[in-house]
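Protein chains: 2
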Amino acid sequence: MPLQLYNSLSRRLEAFEPLVPGRVGMYVCGPTVYAEPHLGHARGPIVFDVLRRWLERQGLSVRYVTNVTDVGHLTDDGDAEDKLAKRAKLERIEPMEVAEKYFWAYFDAMDRLGVRRPSIVPRATGHVIEQIELIETLLEHGLAYVSNESVYFDVSSWSAYGELSGRDPAELVEGTRVEVRSDKRDPRDFALWKRADAEHLMRWRSPWGEGFPGWHIECSVMSTKYLGDEFDIHGGGLDLVFPHHECELAQARGAGKPFARFWLHWNMLTLGGEKMSKSKGHVVDLFPLFERIDPMVVRFHLLRSHYRSLSDFADEALQASAAGLRRLRSAYASWPSHAGTGTPAEAWSEARRRFAAALDNDLNTPEAIAVLFDVARDANRARDSGDLGCAAAARALFDELLVGILGIEAASGEGDHAELLGAVVGLLLEQREAARKRRDFAAADAIRERLGTFDVVVEDTPDGPRWRRLD
Amino acid sequence: MPLQLYNSLSRRLEAFEPLVPGRVGMYVCGPTVYAEPHLGHARGPIVFDVLRRWLERQGLSVRYVTNVTDVGHLTDDGDAEDKLAKRAKLERIEPMEVAEKYFWAYFDAMDRLGVRRPSIVPRATGHVIEQIELIETLLEHGLAYVSNESVYFDVSSWSAYGELSGRDPAELVEGTRVEVRSDKRDPRDFALWKRADAEHLMRWRSPWGEGFPGWHIECSVMSTKYLGDEFDIHGGGLDLVFPHHECELAQARGAGKPFARFWLHWNMLTLGGEKMSKSKGHVVDLFPLFERIDPMVVRFHLLRSHYRSLSDFADEALQASAAGLRRLRSAYASWPSHAGTGTPAEAWSEARRRFAAALDNDLNTPEAIAVLFDVARDANRARDSGDLGCAAAARALFDELLVGILGIEAASGEGDHAELLGAVVGLLLEQREAARKRRDFAAADAIRERLGTFDVVVEDTPDGPRWRRLD
Numbered sequence: 014m015p016l017q018l019y020n021s022l023s024r025r026l027e028a029f030e031p032l033v034p035g036r037v038g039m040y041v042c043g044p045t046v047y048a049e050p051h052l053g054h055a056r057g058p059i060v061f062d063v064l065r066r067w068l069e070r071q072g073l074s075v076r077y078v079t080n081v082t083d084v085g086h087l088t089d090d091g092d093a094e095d096k097l098a099k100r101a102k103l104e105r106i107e108p109m110e111v112a113e114k115y116f117w118a119y120f121d122a123m124d125r126l127g128v129r130r131p132s133i134v135p136r137a138t139g140h141v142i143e144q145i146e147l148i149e150t151l152l153e154h155g156l157a158y159v160s161n162e163s164v165y166f167d168v169s170s171w172s173a174y175g176e177l178s179g180r181d182p183a184e185l186v187e188g189t190r191v192e193v194r195s196d197k198r199d200p201r202d203f204a205l206w207k208r209a210d211a212e213h214l215m216r217w218r219s220p221w222g223e224g225f226p227g228w229h230i231e232c233s234v235m236s237t238k239y240l241g242d243e244f245d246i247h248g249g250g251l252d253l254v255f256p257h258h259e260c261e262l263a264q265a266r267g268a269g270k271p272f273a274r275f276w277l278h279w280n281m282l283t284l285g286g287e288k289m290s291k292s293k294g295h296v297v298d299l300f301p302l303f304e305r306i307d308p309m310v311v312r313f314h315l316l317r318s319h320y321r322s323l324s325d326f327a328d329e330a331l332q333a334s335a336a337g338l339r340r341l342r343s344a345y346a347s348w349p350s351h352a353g354t355g356t357p358a359e360a361w362s363e364a365r366r367r368f369a370a371a372l373d374n375d376l377n378t379p380e381a382i383a384v385l386f387d388v389a390r391d392a393n394r395a396r397d398s399g400d401l402g403c404a405a406a407a408r409a410l411f412d413e414l415l416v417g418i419l420g421i422e423a424a425s426g427e428g429d430h431a432e433l434l435g436a437v438v439g440l441l442l443e444q445r446e447a448a449r450k451r452r453d454f455a456a457a458d459a460i461r462e463r464l465g466t467f468d469v470v471v472e473d474t475p476d477g478p479r480w481r482r483l484d
Numbered sequence: 014m015p016l017q018l019y020n021s022l023s024r025r026l027e028a029f030e031p032l033v034p035g036r037v038g039m040y041v042c043g044p045t046v047y048a049e050p051h052l053g054h055a056r057g058p059i060v061f062d063v064l065r066r067w068l069e070r071q072g073l074s075v076r077y078v079t080n081v082t083d084v085g086h087l088t089d090d091g092d093a094e095d096k097l098a099k100r101a102k103l104e105r106i107e108p109m110e111v112a113e114k115y116f117w118a119y120f121d122a123m124d125r126l127g128v129r130r131p132s133i134v135p136r137a138t139g140h141v142i143e144q145i146e147l148i149e150t151l152l153e154h155g156l157a158y159v160s161n162e163s164v165y166f167d168v169s170s171w172s173a174y175g176e177l178s179g180r181d182p183a184e185l186v187e188g189t190r191v192e193v194r195s196d197k198r199d200p201r202d203f204a205l206w207k208r209a210d211a212e213h214l215m216r217w218r219s220p221w222g223e224g225f226p227g228w229h230i231e232c233s234v235m236s237t238k239y240l241g242d243e244f245d246i247h248g249g250g251l252d253l254v255f256p257h258h259e260c261e262l263a264q265a266r267g268a269g270k271p272f273a274r275f276w277l278h279w280n281m282l283t284l285g286g287e288k289m290s291k292s293k294g295h296v297v298d299l300f301p302l303f304e305r306i307d308p309m310v311v312r313f314h315l316l317r318s319h320y321r322s323l324s325d326f327a328d329e330a331l332q333a334s335a336a337g338l339r340r341l342r343s344a345y346a347s348w349p350s351h352a353g354t355g356t357p358a359e360a361w362s363e364a365r366r367r368f369a370a371a372l373d374n375d376l377n378t379p380e381a382i383a384v385l386f387d388v389a390r391d392a393n394r395a396r397d398s399g400d401l402g403c404a405a406a407a408r409a410l411f412d413e414l415l416v417g418i419l420g421i422e423a424a425s426g427e428g429d430h431a432e433l434l435g436a437v438v439g440l441l442l443e444q445r446e447a448a449r450k451r452r453d454f455a456a457a458d459a460i461r462e463r464l465g466t467f468d469v470v471v472e473d474t475p476d477g478p479r480w481r482r483l484d
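Those protein sequences? They're chains P and R, same order as listed. All residue numbers for the first sequence refer to the numbering used here, where the first residue is 14 and numbers rise by one. All residue numbers for the second sequence refer to the numbering used here, where the first residue is 14 and numbers rise by one.
Accuracy of the hints is not assured; some may be wrong.
[Unchecked claim] Straight-line Cα separation of at most 30 Å, DSS-like style, residue types lysine-lysine; simulated pairs: (1) P:238 to R:238; (2) R:114 to R:293; (3) P:270 to R:102; (4) P:291 to P:197; (5) P:288 to P:114; (6) P:238 to P:197; (7) R:238 to R:114; (8) P:238 to R:102; (9) P:238 to P:114; (10) R:291 to R:197; (11) P:238 to R:114; (12) P:270 to P:238; (13) R:270 to P:102; (14) R:114 to P:270; (15) P:114 to P:291; (16) R:114 to P:114; (17) R:114 to R:291; (18) P:114 to R:238; (19) R:238 to P:102; (20) R:450 to P:450; (21) P:114 to P:293; (22) R:238 to R:197; (23) R:270 to R:238; (24) P:114 to R:270.
[Unchecked claim] Ranges of calculated distance between the beta carbons of each label pair, as one might list FRET restraints: (25) R:349 to P:468: 18 to 24 Å; (26) P:169 to R:242: 43 to 49 Å; (27) R:117 to P:162: 36 to 42 Å; (28) R:477 to P:70: 38 to 44 Å; (29) P:35 to R:184: 55 to 61 Å.
[Said to hold, decoys possible] One-sided and incomplete, this derived list gives chain R residues near chain P with beta-carbon spacing under 8 Å: (30) 36; (31) 76; (32) 104; (33) 134; (34) 136; (35) 138; (36) 142; (37) 239; (38) 241; (39) 433; (40) 436.
Because the hints were derived from the structure by calculation, they are not lab data. All of these numbers come straight from a predicted model, not from anything done at the bench. Glycine is no exception: its CB is placed at the ideal position from the N, C-alpha and C atoms.
Please take these sequences and the hints and turn them into a complete structure.
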């Protein structure tokens, strides 16, 4: 298979071959479900959705795992809560209720963006036992230590630490923020298990006392549980390389698991050149965005840049993508869906080859999209010169590549049909009035009757005709 | 509050008062996610969705918990699997992949049926630690015993066993199927924890060895974890009273938890008078059903019988419901959405009172629906006699009760707009041709221009006019 992917671990393009012939195991770090989904949540799932479709297109069976981090850090001592009054379970915040709400919000947003659901969506809270087991293994291997009922990974004992991010462990010490009260032996160490303070709402018992798992451990556990100790692809945002993925890798390899062979990282989004960041309030929530922008335009826009490049979401850039998609869709809509006489399916074989070469080249979606613009231009010409077979073949090609692989709906949304329907029926009723005025009552009645055959009932009222649908 | 609910535990109607003022905790047994959702899955969620809306309407805040049973019993020794060939993790069936698929199928079906998502959807696999803890408590209380690495509830030690189902524990012995190889001391005992055989795919470590939780324990654990040791309402199908709910209750009370105050059970569905049963293959899957029946008709049909009565799904019955809903929707569509001069909102206060009395009477939805039919008849008369204010008030009442409480969309689906639009535009283009034939070119051009203002482009081709939408 000619697919080349850039592997962050080796820092070069590598030919991708699945570990188990015919099957691909893919793990992508998913959302922490404690806030509204925003644009930062959209890129990775869209890129990996395209990769998944592309792998499946090669006949591979893909098991795609995305975790949900629902081990919340909600505590019971916020200002908003009066601890004395909140005695009953029902009166307290329940972290799972918050997690549930944003779990659905995230997947609803992904639905709108055309992202197919992963094969397995493991939740951190659903794998506490397995996380405890991995921590025990790391303790047995001498790579972790217990301190004040918490457990930490001992970075100094794992010489490979830094292999993914390319950071020198020795230099990391200086860069680390000094914590005032810490149970760590070394500031570079990271938590595998944390003791739960009294006000911590989510807590489980463990060999070290009541607590909750550290953030990194869930991914080492859930990826290998569902994909095996060694698996094909691990994805995540570039901001996760360090410390999250570095720690994941150390935990897994420290426990004797070879772990992911390919590490793929997507780049960040910017807004008018500035980095989007939740902490700076510089973030675009998806549902408000979908009210003014077709989610398919968002998807198209994200795929118009390579996943390892920055992607900017300034309004002008987004409008340019909207116009581009409109051009593709309008071309598509103008091509016949089948043509009696016809150019055979090989009509667009060169375009298909170029599209495949683009995706095989580290998933170069902007290049793949450029191929589709070329097809649109050429097929419009063919249509105008009466070669409908060629145009129909382009339509089939768009169904296959634009819809099937890039996951972009080629037809415009259905949502505005109702409005248009009202306008068109109104126009028809004007024709009926005009027929009456010229005393062509047969024509006027025919309009009403024909509408009736579509279950549209017209009633004449003192204020003019009114219509409604039967059923 | 005047709401009366039939409590299966006391076997009588009782006035419902929430345990914590202003808040209601409600637990409903959810699906086992290992097969396609079928009609049997639909009734409970719809009934409890209406109950939830009705409680919220009284100003109560409802925490609604529905579990998902994903502790599967898939094993690795099925005929379909060649154990020797399936060495890699990716080559084996992964129970969570199966559970994931049907998890989404279930909630997609519920979406179609207008069922709002529960506040919390705990999964059995996500609460293994808590289940182990409850089993330990039962062992400490002398109500359970360990046998061959499994743990069983000792029914003879719990004299209240039978309190929910009304069965006499002594008589239960005779009725119990004799198991050939059993670790139980008494055939009535039930498993709290089961030892996993070698081929069992889902397994967790426990104080008793590797195994998996019994079926009943998850509900005792997850209901009390999220709603408190005592909570307001527990729901389930009538077929769950025994043994599932009886065991749940024994486990919870045996551990010292007062548990649910109200037990509500919905009755079974029949198909042409015969009980629907998965084991007999006598079952109707929801997605194939939705291809021929509007899901709102299914919801409406289910609400047309009282939840404690049988509900039959013979085609004639379903068609009668479809016709009934069509009548309500067609009346609704004929009423103006606002009226300049108007009857005040109290116009329908008697209907509103009767609707409330019906729901307050153990959620008598058929009676509530009958009230809406009366409103439809009276409001149509008002409309015909020109009292548009009264009709507009009926429309508002339907929005409030039919849509808001019963959860039935009052407007017909949007899906067929596209088809109708095509028919209507076609009719308009015929008008244009007719205008040309009578040499009224101004009228013909006006039609084309007006369509253009709605972004509908008309092009004349040798085969006649063709149209498409811009964008």
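Violated hints - listed by number, lowest first | Violated hints: none; all satisfied.
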